[in-house]
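When we follow UniProt numbering, the leftmost residue of the sequence shown carries the number 1, and every step to the right adds one.
Treat the hints as calculated values from the structure; they're not laboratory data.
Treat the numbers as computed from the prediction; the structure is a model and nothing was measured.
Note that CB positions come from ideal geometry on N, CA and C, so glycine has one too.
A hint or two may mislead.
As the list claims (entries may be wrong) - Derived CB-CB ranges, DEER-like:
(1) Asn-294 <-> Leu-446: 36 to 44 Å
(2) Leu-400 <-> Tyr-66: 26 to 34 Å
(3) Glu-339 <-> Leu-463: 37 to 45 Å
(4) Glu-275 <-> Leu-103: 40 to 48 Å
(5) Ala-399 <-> Asn-420: 50 to 58 Å
(6) Asn-306 <-> Leu-400: 16 to 24 Å
What the hints assert, rightly or not - Lysine to any residue pairs mimicking SDA-like chemistry, simulated, CA-CA at most 25 Å apart:
(7) Lys-301 <-> Glu-268
(8) Lys-261 <-> Lys-332
(9) Lys-305 <-> Asn-375
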Amino acid sequence: MKLTVLCVLVAAYLAAPCYSEPFIMELPGYAKTVMGGYGNASTSWYEPRRPFYSFRYFHYAAKPTYETRFLPPIPSNYPYPDEEIYNSIDLPPGCAQGNDNALEDCLILSVYTPHFPGNASDPSTTLDKLLPVMVWIHGGTFVSGQSALYEPNTFMAHDVVVVVIQYRLGALGFLTLDTDEIPGNAGMADQVEALRWVQKFIKYFGGDKDKVTIVGESAGAASVGFLLLCPQARGERLFHNAIAESGSMLTEWALDRNTTKHGYRIAELAGCPLEPYADLLHCLRSIDAIALRNAQKEFSKEDQKNGFMGFGGQSPIMQTAGTVRYLTEEPKTLIERGEYMTDVNILFGANEGEGIMAFDIIYRGYIKPNNLFDNETFWKYDSVRTVLGALGIRDDTSALSDALITKYLGYAVDSCQMGNLTVMLPGLIDIAGTLFLKAGGWQTVLKHTKFNPHAYWYSFDFLSKVSIIGASDFLPRGVMHADEIMYLFTMPIPHNETEKELGKKMIEIWTTFATYGEPTPEGVQMREGIPKWPPYTHEKKEFMAINKYWSVRNDYTLYYTVTVDKAGPRTGSQSAAQQCADEYWASKRELHRRHG
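Working from the sequences, and respecting the hints, build out all of it.
Structure, rendered in structure tokens:
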């Protein structure tokens with residue numbers, strides 16, 4: 001059977017979309033006619049522009065049913081949906097999340113290509129040389145995000161094919177009871193199935209199935225890391241390079257370790273009977289998707305108020321159930337043993353001010369609801385342990401907290417300012433940023449070099465006029481989580497010439513890496529202002545600092561205290577500093593002795 005696709009060309013260089021006559025495209029293995037869509041390049045800031053073709057609405061898997069709601073997806077290789085002509089022009093709805101318009105019937109991907117797609121029944125229309133493929137996996141802490149937010153018109157000036165995928169989110173994507181009926185990791189299974197679709201069909205869009213780069217941000221970056229560990233992706237060779245922006249499989253928040261506790265609590269909040277199991281299973285399979293989403297949101301608030309990040313029941317897990325298992329061991333253990341896709345070249349990075357968002361989550365979810373904002377004693381003695389606990393890091397003896405206070409808040413200790421939030425804030429932000437995102441990604445690169453010399457790191461340091469993610473008013477402005485995205489995709493954010501040039505450099509690096517597995521390969525002329533980007537080595541520890549002017553720097557761990565360093569030194573005599581320190585540590589030891 002063949003899938004026939006009707007597509008429209010966009011004249012990308014015009015001020016408004018302009019469409020040619022539709023054309024027919026055939027894909028073997030499908031039975032229905034599908035109408036392809038267009039790319040609206042009139043909103044793109046990237047120049048020069050060129051025509052491209054887009055297909056925004058391909059189901060790569062069928063809608064989950066009662067029996068398959070929490071199970072791996074079923075490939076959509078049959079007439080689906082029932083319409084004779086399948087409209088792929090409109091942007092697809094997202095998976096069930098924070099708005100009532102999102103659906104369970106959301107296992108959809110979009111394809112964008114700068115070349116006229118081939119026709120399966122006419123070999124003369126296929127390309128002689130297939131193009132590298134970039135598969136984008138969106139972020140959103142595994143509870144939000146959709147392909148409609150990421151129009152890759154900017155990438156179409158380069159010879160790459162871009163695929164943007166959706167996957168099940170929240171409880172529908174990651175809830176588990178550690179049973180074969182609800183084994184967890186359904187969202188990860190969706191990502192694997194989307195990559196299988198790419199392997200099977202991308203050649204008809206001019207893409208090379210043997211040159212696939214997965215790219216993700218935040219939870220999407222963590223997904224990139226988990227896919228490196230996934231035995232199905234490894235065994236089927238589903239991708240060949242990986243780019244991770246602000247996320248890693250080695251960050252604690254990305255992995256749920258209290259799976260059944262969280263799963264049963266969400267079920268309880270959804271109004272499901274917890275026993276017998278058959279009744280619980282029936283309830284979770286049949287409950288309205290929005291009602292289950294609301295239960296998960298209620299659990300998240302409850303979890304945050306208890307001092308955690310609220311990501312339980314909505315994140316990947318180490319599976320102990322299910323006929324197909326996508327992750328079964330500790331990510332760190334798998335990496336150290338080399339039991340992952342070691343031959344994949346990787347480019348990971350983080351933004352300078354990652355800690356602003358991380359700390360704001362803790363503030364909004366725990367500090368504010370528990371009325372601790374004006375509590376000087378809390379800030380003085382408990383704030384660092386609170387950050388650790390929220391990020392899933394145990395510190396029963398306070399040894400880690402004390403070490404972090406010494407490294408990140410020593411200036412506050414030495415100036416007798418512990419308890420003064422205004423003074424402590426830079427150090428708290430840096431602690432949150434390091435433990436939430438920076439250290440995990442950096443450690444991934446370090447460990448990867450044991451098996452593969454092509455491991456690269458960047459720090460995105462450009463301070464934008466606006467940020468995609470907002471923060472509470474008392475927090476400082478900075479290069480926040482997700483800020484780099486506005487320089488990669490078409491978004492309704494105006495750019496000045498400096499920002500446009502920054503975006504062009506980044507897109508050139510990303511597409512060059514997807515083509516060669518290196519950001520600045522020998523013999524390839526790069527855009528002016530892009531230095532030679534060396535891989536990380538244990539000797540030189542080099543990485544790329546991305547700013548208005550790009551530069552190669554050494555030892556990324558120095559960035560762990562970037563907010564503190566920018567705040568400047570606190571002056572005072574050595575004797576006064578020693579007296580402050582002695583008094584603080586003595587009072588902390590006494591408090592610990594009294595309360596245990």
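Now the hints, each set against the structure:
Taking the beta carbon of each, Asn-294 and Leu-446 are about 41 Å apart, inside 36 to 44 Å as hinted. Separated by about 46 Å at the C-beta atoms, Leu-400 and Tyr-66 break the suggested range of 26 to 34 Å. About 40 Å separates the C-beta atoms of Glu-339 and Leu-463, a value consistent with the hinted range of 37 to 45 Å. For Glu-275 and Leu-103, the Cβ-Cβ distance of about 31 Å falls outside the hinted range of 40 to 48 Å, so the restraint is violated.
With their beta carbons about 24 Å apart, Ala-399 and Asn-420 fall outside the hinted range of 50 to 58 Å. Range check, Asn-306 to Leu-400: Cβ separation about 20 Å, and the 16 to 24 Å hint holds. Taking the CA atoms of Lys-301 and Glu-268, the gap is about 15 Å. The hint holds against a cut of 25 Å. Between the alpha carbons of Lys-261 and Lys-332 the distance comes to roughly 23 Å, so the proposed pair stays at or under 25 Å and holds.
Taking the CA atoms of Lys-305 and Asn-375, the gap is about 16 Å. The hint holds against a cut of 25 Å.
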